[in-house]
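Residue strings, one per chain:
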Amino acid sequence: MSIMKLTATTAAIALTATSSFARDNVQVAGSSTVLPYASIVAEAFGENFEFPTPVVESGGSSSGLKRFCEGVGENTIDIANASRAIRESEVAACAENGVTDIIEVRIGYDGIVFASQLDGPDYTAFEPADIFNALAPKVMVDGALVDNPHTMWSDFNADLPSEDILAFIPGTKHGTREVFEEKVVAAGCEATGAFEAMIASGMSEDDAEDACLAVRTDGRSVDIDGDYTETLARIDANTNAIGVFGLAFYENNTDKLKVATMSGVEPTTETISTGDYPVSRPLFFYIKAAHVGVIPGLKEFAEFFVADEVAGPDGPLAAYGLVSDPALADTQTMIADEKTM
Amino acid sequence: MTDAPAPSTPAVPPKGKSLLAQDDRTKRRNAAEKRFRAYGIAAISVGLLFLASLLWAIVQNGTPAFTQTFVNLEVALLEEKLDKNGNRDIDDIRKVSTFGYNPLINEALIVATADIETEVEDGDLKKILSASAAAIVRDFVIENPDRIGETVEFRLLTSSRVDGYLKGRVTREDLARDKNLDAAHLDLIDVMVAAGAVERVFNWDFILGADASESRPEQAGIGVSMLGSFFMMLVVLVLALPIGVAASIYLEEFAPQNKFTDLIEVNISNLAAVPSIVFGILGLAVFIQFAHLPQSAPLVGGLTLTLMTLPTIVISTRASLKAVPPSIRDAALGVGASKMQSVFHHVLPLAMPGILTGTIIGLAQALGETAPLLLIGMVGYIASNYPDGIASGFLDPNSAMPAQIYEWAKRADPAYYERAWGGIIVLLVFLLTMNIIAIILRRRFERRW
Numbered sequence: 001m002s003i004m005k006l007t008a009t010t011a012a013i014a015l016t017a018t019s020s021f022a023r024d025n026v027q028v029a030g031s032s033t034v035l036p037y038a039s040i041v042a043e044a045f046g047e048n049f050e051f052p053t054p055v056v057e058s059g060g061s062s063s064g065l066k067r068f069c070e071g072v073g074e075n076t077i078d079i080a081n082a083s084r085a086i087r088e089s090e091v092a093a094c095a096e097n098g099v100t101d102i103i104e105v106r107i108g109y110d111g112i113v114f115a116s117q118l119d120g121p122d123y124t125a126f127e128p129a130d131i132f133n134a135l136a137p138k139v140m141v142d143g144a145l146v147d148n149p150h151t152m153w154s155d156f157n158a159d160l161p162s163e164d165i166l167a168f169i170p171g172t173k174h175g176t177r178e179v180f181e182e183k184v185v186a187a188g189c190e191a192t193g194a195f196e197a198m199i200a201s202g203m204s205e206d207d208a209e210d211a212c213l214a215v216r217t218d219g220r221s222v223d224i225d226g227d228y229t230e231t232l233a234r235i236d237a238n239t240n241a242i243g244v245f246g247l248a249f250y251e252n253n254t255d256k257l258k259v260a261t262m263s264g265v266e267p268t269t270e271t272i273s274t275g276d277y278p279v280s281r282p283l284f285f286y287i288k289a290a291h292v293g294v295i296p297g298l299k300e301f302a303e304f305f306v307a308d309e310v311a312g313p314d315g316p317l318a319a320y321g322l323v324s325d326p327a328l329a330d331t332q333t334m335i336a337d338e339k340t341m
Numbered sequence: 001m002t003d004a005p006a007p008s009t010p011a012v013p014p015k016g017k018s019l020l021a022q023d024d025r026t027k028r029r030n031a032a033e034k035r036f037r038a039y040g041i042a043a044i045s046v047g048l049l050f051l052a053s054l055l056w057a058i059v060q061n062g063t064p065a066f067t068q069t070f071v072n073l074e075v076a077l078l079e080e081k082l083d084k085n086g087n088r089d090i091d092d093i094r095k096v097s098t099f100g101y102n103p104l105i106n107e108a109l110i111v112a113t114a115d116i117e118t119e120v121e122d123g124d125l126k127k128i129l130s131a132s133a134a135a136i137v138r139d140f141v142i143e144n145p146d147r148i149g150e151t152v153e154f155r156l157l158t159s160s161r162v163d164g165y166l167k168g169r170v171t172r173e174d175l176a177r178d179k180n181l182d183a184a185h186l187d188l189i190d191v192m193v194a195a196g197a198v199e200r201v202f203n204w205d206f207i208l209g210a211d212a213s214e215s216r217p218e219q220a221g222i223g224v225s226m227l228g229s230f231f232m233m234l235v236v237l238v239l240a241l242p243i244g245v246a247a248s249i250y251l252e253e254f255a256p257q258n259k260f261t262d263l264i265e266v267n268i269s270n271l272a273a274v275p276s277i278v279f280g281i282l283g284l285a286v287f288i289q290f291a292h293l294p295q296s297a298p299l300v301g302g303l304t305l306t307l308m309t310l311p312t313i314v315i316s317t318r319a320s321l322k323a324v325p326p327s328i329r330d331a332a333l334g335v336g337a338s339k340m341q342s343v344f345h346h347v348l349p350l351a352m353p354g355i356l357t358g359t360i361i362g363l364a365q366a367l368g369e370t371a372p373l374l375l376i377g378m379v380g381y382i383a384s385n386y387p388d389g390i391a392s393g394f395l396d397p398n399s400a401m402p403a404q405i406y407e408w409a410k411r412a413d414p415a416y417y418e419r420a421w422g423g424i425i426v427l428l429v430f431l432l433t434m435n436i437i438a439i440i441l442r443r444r445f446e447r448r449w
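Note that the protein sequences, when read in sequence, are chains A and B. Residue numbering for the first sequence is 1 to 341, as defined by the numbering used here. Residue numbering for the second sequence is 1 to 449, as defined by the numbering used here.
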């Protein structure tokens, strides 16, 4: 009998949950790069406010924005974290499901670094052209566009160690991949002259741009769909490999990794904030405006996230590795006014 | 018997085969048997070796998570910082955020280390403390507003790197390029340990506490996700046990044998072999997207795991019902019991030990399951609030123990890696306990015919 009663109780809870469930905590999902920052803010928010601590899930920028665009309502998320700006197609998908008012919040900047095993080969200085020469499927050799013949770093740049090429790069569902392609691979494509050669061979400009971003598929470039910890584990196991990390992740693991300069600039919060270090990108979160005022604490959480004492240069986010945004004050007024995109 | 043949002369060796000397065939057969036994022993030894090295790795990596380094610090709760108006109005006191407490704690550190010669600059002293310090002091002040103005001694967590130093995980060389802590801090810690201000003690907060953010591994605990697992198991138990047992009793005792019941039987066996991630997708589609149950709730996790556990329970229940000899049923029917009476009064009690064992094994399997939880939003920075009560335990976002371990293993700070191993120890203790209960039940109540 008692088992039957318990079953009935559970069924009743399930029913009440469907009909009259009111959510009282903020729900966040998205980029695994933004997750550490969001969790730090969520924790401090729970400590300083009467609201419950927000829930932060990861999964990548694209999957976060997809869930964000599923619709308006208490069983959809309130905030999507993204390590890239929202795409036109995603805005359209959102609008189709009734998510029309979106507030875009830029929280700061993040550097993307190339790092290798601390005791490994001397990968200390890269140019975008080196990365392109190592990882592209077609490269320029002696003025002609050919299938990538390079197997060692020293094949195309005598300053680099003569070690087998092996790179662990972020998978396509990560926002980091987009920045890696745009700021490193595409830049290398133009610098080596491959882009011009493609145009000269009769490709349209769009096709050439896409072809520039491709990576070789013979196993020397490996997509990592998991988090940076997975890349770190792969680097640990492969002495000659290089990996792509976020600056904050690298700074937490300086006992295992050494970082390479890009175009002669060492990645630090200073070089990124001045714009000297080329591979950086803004980090965002997107708020569903329709949920403001419905989900308790949502606006307060957003305001707290970009408050000077949190996201400013002396706040906990900067201490963890975020490069703070000089235009933070504009972002603060934007959230206060609930200005949508 | 008298005309027994005379024994042959011992001088001539026997022509036939002796039973004492083995011929080649027998030798080969015996050798094959010996080899087979050796293979068996080798297989078992390899298995034991793996088990031993696994357990060793878990214990080796996980035990440090159960201790934590604390520092005893006297903090002056200055009135001009915490209650400017001086009227002890709780709303005014709440307005001072944790950031407002940082200067007080920094001041306390400067006072505490005033007698120690160190290269660490005053502003950098706070790096030895966890970021949770301000929250602990603030909570205390809000609870005891009358203590403002006094100097109170607090037990505060040290930062994860100081803790790692005392555990031997962090060395001075590691800190050379680390901006979170300097080697000079460690010299300071050495002095404070000698003076007894810093100590490493058993950490109940790891077992009972809530999850913490990426920057505070020292504060993270598995307690809240343990509650999440508990509520999920409750859902699984109250749903899977009655449904599974009722289904098996009907199929085994009442259902006619035809194509349709055969089909059901095959399907149940197949369901038991379906990968758990499939149930996760099903749970996402049915419970969250269709039924609009809340995301990340243990209720949804429990429902999803129920689907996964049902086949296990049905199969084990049917097996134990089959094991009850037909003579029991016949005897009951023979004295005039109805079919239902014979099942519920005689067969079911005899099958109970087997049913319970199957249920516990099924629950243990569900307890260790992570994959379906990934899809229904139970992985991330989630297990940060204790549930307020029974209903909130089922409905508020929470994680589960294996999901929490997975999440810790993903995080950047190496201190979280240690906690992931520690979490595995806690999870293993639960699984072992459940399996031991299953064995005891079987031993005590099992009947053989």
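Bear in mind the hints are in silico, worked out from the structure with no lab data behind them. Please note that the accuracy of each hint is not assured.
When the alpha-carbon atoms are kept at most 27 Å apart in a straight line, the in silico DSSO-like pairs for lysine-lysine are as follows [as the list claims (entries may be wrong)]: (1) Lys179(B) to Lys173(A); (2) Lys258(A) to Lys410(B); (3) Lys27(B) to Lys84(B); (4) Lys256(A) to Lys27(B); (5) Lys127(B) to Lys258(A); (6) Lys167(B) to Lys256(A); (7) Lys84(B) to Lys256(A); (8) Lys167(B) to Lys179(B); (9) Lys256(A) to Lys127(B).
Incomplete in silico selection of chain B near chain A, CB under 10 Å [unchecked claim]: (10) Ile277; (11) Ile288; (12) Ala371.
Since this is a predicted model, take the numbers as computed values, not measurements. Even for Gly, the Cβ is constructed at its ideal location relative to N, Cα and C.
>> Let's test the interface hint: is any C-beta of chain A closer than 10 Å to that of Ile288(B)?
In response: At 6 Å from the nearest chain A Cβ, Ile288(B) passes the 10 Å test, so the hint holds.
>> Min Cβ distance, Ile277(B) to chain A: is it shorter than 10 Å?
In response: With Cβ-Cβ at 15 Å, over 10 Å, it is violated.
>> What's the verdict on Lys258(A) and Lys410(B), does the C-alpha distance respect the 27 Å limit or exceed it?
In response: holds (20 Å)
>> So if I understand the rule, the pair passes when the alpha-carbon distance is 27 Å or less; does Lys27(B) with Lys84(B) pass?
In response: violated (98 Å)
> Regarding the pair Lys127(B) and Lys258(A), is the alpha-carbon distance no greater than 27 Å?
Replying inline: holds (23 Å)
> Under the criterion that the straight-line Cα-Cα distance not exceed 27 Å, is the pair Lys256(A), Lys27(B) satisfied?
Replying inline: Violated, at about 59 Å.
> Within a Cα-Cα threshold of 27 Å, do Lys84(B) and Lys256(A) meet the stated pairing?
Replying inline: Violated - the C-alpha atoms of Lys256(A) and Lys84(B) are around 47 Å apart, more than 27 Å.
>> Does Lys256(A) sit within 27 Å of Lys167(B), going by the straight-line distance between their CA atoms?
In response: Judged against 27 Å, a Cα distance of about 18 Å means the pair holds.
> Is the hinted pair Lys167(B) and Lys179(B) satisfied, with a Cα-Cα distance of at most 27 Å?
Replying inline: holds (20 Å)
> Between Lys256(A) and Lys127(B), is the straight-line Cα distance small enough, at 27 Å or below?
Replying inline: Measuring from Cα to Cα gives roughly 21 Å; hence the hint holds.
> Given Ala371(B) as an interface hint, is the shortest Cβ-Cβ distance to chain A below 10 Å?
Replying inline: The hint is violated - Ala371(B) has no Cβ within 10 Å of chain A, the shortest such distance being about 14 Å.
> Given the proposed pairing of Lys179(B) with Lys173(A), does the C-alpha separation stay at or below 27 Å?
Replying inline: Cα-Cα ~31 Å, so violated.
Hints 1, 3, 4, 7, 10 and 12 from the list above are not met by this structure, while the remaining hints are.
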